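Hey, can you work out the whole structure from these sequences and the hints?
Our numbering puts the first residue of the sequence shown at 1, with every later residue one more than the last.
For the record, the hints were derived by calculation from the structure and aren't laboratory data.
Keep in mind it's a predicted model, so treat the numbers as computed, not measured.
Treat the hints with care, since some could be wrong.
[Claimed, not checked] Cross-link-like lysine-lysine pairs, in silico, BS3-like; alpha carbons within 25 Å at most:
no.: 1; residue 1: K98; residue 2: K364
no.: 2; residue 1: K347; residue 2: K364
no.: 3; residue 1: K160; residue 2: K192
no.: 4; residue 1: K325; residue 2: K338
no.: 5; residue 1: K96; residue 2: K60
no.: 6; residue 1: K140; residue 2: K179
no.: 7; residue 1: K182; residue 2: K140
no.: 8; residue 1: K93; residue 2: K364
no.: 9; residue 1: K325; residue 2: K286
no.: 10; residue 1: K347; residue 2: K332
no.: 11; residue 1: K142; residue 2: K105
no.: 12; residue 1: K142; residue 2: K157
no.: 13; residue 1: K104; residue 2: K93
no.: 14; residue 1: K98; residue 2: K2
no.: 15; residue 1: K85; residue 2: K104
[Claimed, not checked] Restraint ranges, calculated between C-beta atoms of paired labels, are given here:
no.: 16; residue 1: E3; residue 2: M119; range: 11 to 21 Å
no.: 17; residue 1: E61; residue 2: N82; range: 19 to 29 Å
no.: 18; residue 1: T107; residue 2: E128; range: 30 to 40 Å
no.: 19; residue 1: G163; residue 2: S65; range: 45 to 55 Å
no.: 20; residue 1: G163; residue 2: P345; range: 39 to 49 Å
no.: 21; residue 1: E3; residue 2: K338; range: 35 to 45 Å
no.: 22; residue 1: D253; residue 2: Q176; range: 45 to 55 Å
no.: 23; residue 1: D253; residue 2: N112; range: 25 to 35 Å
no.: 24; residue 1: K192; residue 2: N87; range: 52 to 62 Å
Quick reminder that beta carbons are idealized off the backbone N, C-alpha and C, glycines included.
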Amino acid sequence: MKEIFISNFGPIEEGYVDGMMPIFPVTVFCGDQGSGKSTIAKLISSFTWLEKALIRGDIKEKWISQYNRFVNSHCAYHNIQNYFKENTKLIYKGIKYKFTYETKKLTIEHLNNDEVYIMPQIMYVPAERNFMSVLEDAEKIKNLPHPLSTMLTEYEKAKKSIGNKISLPIEGYSFQYDKLNKVSWLIGNGFKLRLHEAASGFQSLVPLILVTRYLSYRISEKEENSHNKSSVDLSTRLEKRIRQLLLDENINDEIRNSLISQLNTLYNNDCFWNIVEEPEQNLFPKSQKNILMELLSAYNSVNENGLIITTHSPYIVNYLTLAIKANEINCKNEELNKQLETIIPSKSRVSINEVAIYEMDGGKIQKLNHYMNIPSDENYLNNSLRETDEMFQELLEIEDLCHN
Numbered sequence: 001m002k003e004i005f006i007s008n009f010g011p012i013e014e015g016y017v018d019g020m021m022p023i024f025p026v027t028v029f030c031g032d033q034g035s036g037k038s039t040i041a042k043l044i045s046s047f048t049w050l051e052k053a054l055i056r057g058d059i060k061e062k063w064i065s066q067y068n069r070f071v072n073s074h075c076a077y078h079n080i081q082n083y084f085k086e087n088t089k090l091i092y093k094g095i096k097y098k099f100t101y102e103t104k105k106l107t108i109e110h111l112n113n114d115e116v117y118i119m120p121q122i123m124y125v126p127a128e129r130n131f132m133s134v135l136e137d138a139e140k141i142k143n144l145p146h147p148l149s150t151m152l153t154e155y156e157k158a159k160k161s162i163g164n165k166i167s168l169p170i171e172g173y174s175f176q177y178d179k180l181n182k183v184s185w186l187i188g189n190g191f192k193l194r195l196h197e198a199a200s201g202f203q204s205l206v207p208l209i210l211v212t213r214y215l216s217y218r219i220s221e222k223e224e225n226s227h228n229k230s231s232v233d234l235s236t237r238l239e240k241r242i243r244q245l246l247l248d249e250n251i252n253d254e255i256r257n258s259l260i261s262q263l264n265t266l267y268n269n270d271c272f273w274n275i276v277e278e279p280e281q282n283l284f285p286k287s288q289k290n291i292l293m294e295l296l297s298a299y300n301s302v303n304e305n306g307l308i309i310t311t312h313s314p315y316i317v318n319y320l321t322l323a324i325k326a327n328e329i330n331c332k333n334e335e336l337n338k339q340l341e342t343i344i345p346s347k348s349r350v351s352i353n354e355v356a357i358y359e360m361d362g363g364k365i366q367k368l369n370h371y372m373n374i375p376s377d378e379n380y381l382n383n384s385l386r387e388t389d390e391m392f393q394e395l396l397e398i399e400d401l402c403h404n
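Written out as structure tokens, the structure is:
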């Protein structure tokens with residue numbers, strides 16, 4: 001299992017209380033604004049991409065270790081380059097590489113193990129995704145934040161891949177893309193609106209759903225055709241060409257890296273790591289459940305997939321708990337199984353062994369405890385809900401005193 005250690009980086013001070021923090025296939029970070037949820041998700045994204053780039057040969061260990069490129073290039077991609085402090089320490093242990101940033105230097109260690117590295121498609125879904133729905137010509141805008149620009153590229157591909165229209169995980173609504181006029185439509189019961197005229201919840205939901213479905217389907221389709229001989233031959237030819245480029249002394253490193261990067265775009269990735277900021281953004285609780293079920297369904301489509309979520313919503317955590325509980329129920333009664341399917345679809349269920357929920361508070365990170373294989377109700381978000389009950393009780397007590 002992949003692990004990460006973070007101390008004195010941005011809002012994260014002591015980091016995970018037990019040292020190296022395991023990155024589970026389904027990992028959720030919850031906490032207050034500015035507590036470091038997105039910070040840690042961005043670091044995981046950066047290190048995951050860096051390991052992939054080294055394994056594919058896009059970059060060399062020496063290149064990334066020099067001239068503070070890790071900070072000024074790779075961390076700058078997520079705009080966290082200014083989060084570093086004098087005593088920042090970061091450790092990321094992947095499948096084949098271990099990265100350590102300490103005393104303002106990045107060191108890279110190759111791990112000699114028998115673990116098989118599965119090439120991931122990494123998608124970071126930023127909270128600012130509504131922007132793509134509000135501006136239909138967003139792709140023409142220059143100098144967008146890099147994660148937003150990357151997602152926008154995939155969003156455009158996803159829209160163009162739609163045949164006619166697709167249903168959305170909100171009952172009665174669907175999405176349609178007019179390729180000729182480049183117009184996005186939201187279709188409901190008896191109406192049709194341009195997406196930029198729709199409610200903010202739809203503007204947040206549509207890019208997330210389209211990109212998730214597009215990338216997860218592409219990976220799962222590739223897995224189904226993995227024994228296709230032409231695909232194997234293509235991969236072999238690409239690997240041979242990359243080796244030739246690495247050994248060619250007549251081209252400089254910049255041109256070599258560019259050519260290798262272009263070749264690698266032809267590779268099909270073998271799993272999908274979906275890193276999503278605030279999937280609940282602007283959504284009603286029932287819609288939050290539907291979006292989470294969709295994300296879990298995409299996660300379950302290929303064995304090696306991953307899902308990382310940052311959230312402020314207690315509903316996301318509670319619905320995830322339902323998905324875990326439903327997975328534990330082993331029922332042979334056909335009618336009861338049908339009832340279970342209507343509550344939590346089988347394609348969206350997940351084992352507790354695949355899930356970790358981390359709470360961010362005061363610069364510390366703690367893993368939520370389990371109770372009988374279910375995430376504990378005693379968590380940061382549920383406690384915030386209880387505070388309103390307590391405050392209401394205080395108001396009632398004051399009211400009683402006022403009448404005495």
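Hints, verified against the model:
Proximity of K98 to K364 is assessed by CA-CA distance (about 23 Å); at most 25 Å being required, the pair is judged to hold. A threshold of 25 Å between alpha carbons decides the hint, and for K347 with K364 the separation of about 34 Å lies outside it, so the pair is violated. At roughly 19 Å between alpha-carbon atoms, K160 and K192 fall within 25 Å of each other, so this suggested pair holds. Of the pairs offered as hints, the one joining K325 and K338 holds, with about 16 Å between alpha carbons and a cut-off of 25 Å not exceeded.
At roughly 14 Å between alpha-carbon atoms, K96 and K60 fall within 25 Å of each other, so this suggested pair holds. Taken as a hint, the K140 and K179 pair is honoured in the structure, with Cα atoms around 16 Å apart against an allowance of 25 Å. Between K182 and K140 the alpha-carbon distance is near 13 Å, which keeps this suggested pair within the 25 Å criterion. Between K93 and K364 the alpha-carbon distance is near 20 Å, which keeps this suggested pair within the 25 Å criterion.
Taking the CA atoms of K325 and K286, the gap is about 18 Å. The hint holds against a cut of 25 Å. For a cut-off of 25 Å, the pair hint linking K347 to K332 stands: about 18 Å separates their Cα positions. For the given pair, K142 sits about 32 Å from K105 by alpha-carbon distance, which is inconsistent with the 25 Å threshold. A C-alpha spacing of about 19 Å is found between K142 and K157, which places the hinted pair at or below 25 Å, so the restraint holds.
For the proposed pair K104 and K93, the alpha carbon gap of about 18 Å is at most 25 Å, so the pair holds. Under the criterion of a C-alpha separation no larger than 25 Å, the hint pairing K98 with K2 is consistent with the structure, at around 10 Å. Proximity of K85 to K104 is assessed by CA-CA distance (about 9 Å); at most 25 Å being required, the pair is judged to hold. For E3 and M119, the hinted distance range of 11 to 21 Å is satisfied, since their beta carbons lie about 20 Å from each other.
Look at E61 against N82: about 25 Å separates their beta carbons, and that is inside 19 to 29 Å. A hinted range of 30 to 40 Å for the beta carbons of T107 and E128 is consistent with their spacing of about 33 Å. Between G163 and S65 the CB atoms are about 47 Å apart, so this pair conforms to the stated range of 45 to 55 Å. A beta carbon spacing of about 23 Å between G163 and P345 contradicts the range 39 to 49 Å that was offered as a hint.
Checked against the hint of 35 to 45 Å, the pair E3 and K338 passes, with Cβ atoms roughly 41 Å apart. Taking the beta carbon of each, D253 and Q176 are about 46 Å apart, inside 45 to 55 Å as hinted. For the pair D253 and N112, the beta carbons lie near 26 Å from each other, so the given range of 25 to 35 Å is met. Between K192 and N87 the CB atoms are about 56 Å apart, so this pair conforms to the stated range of 52 to 62 Å.
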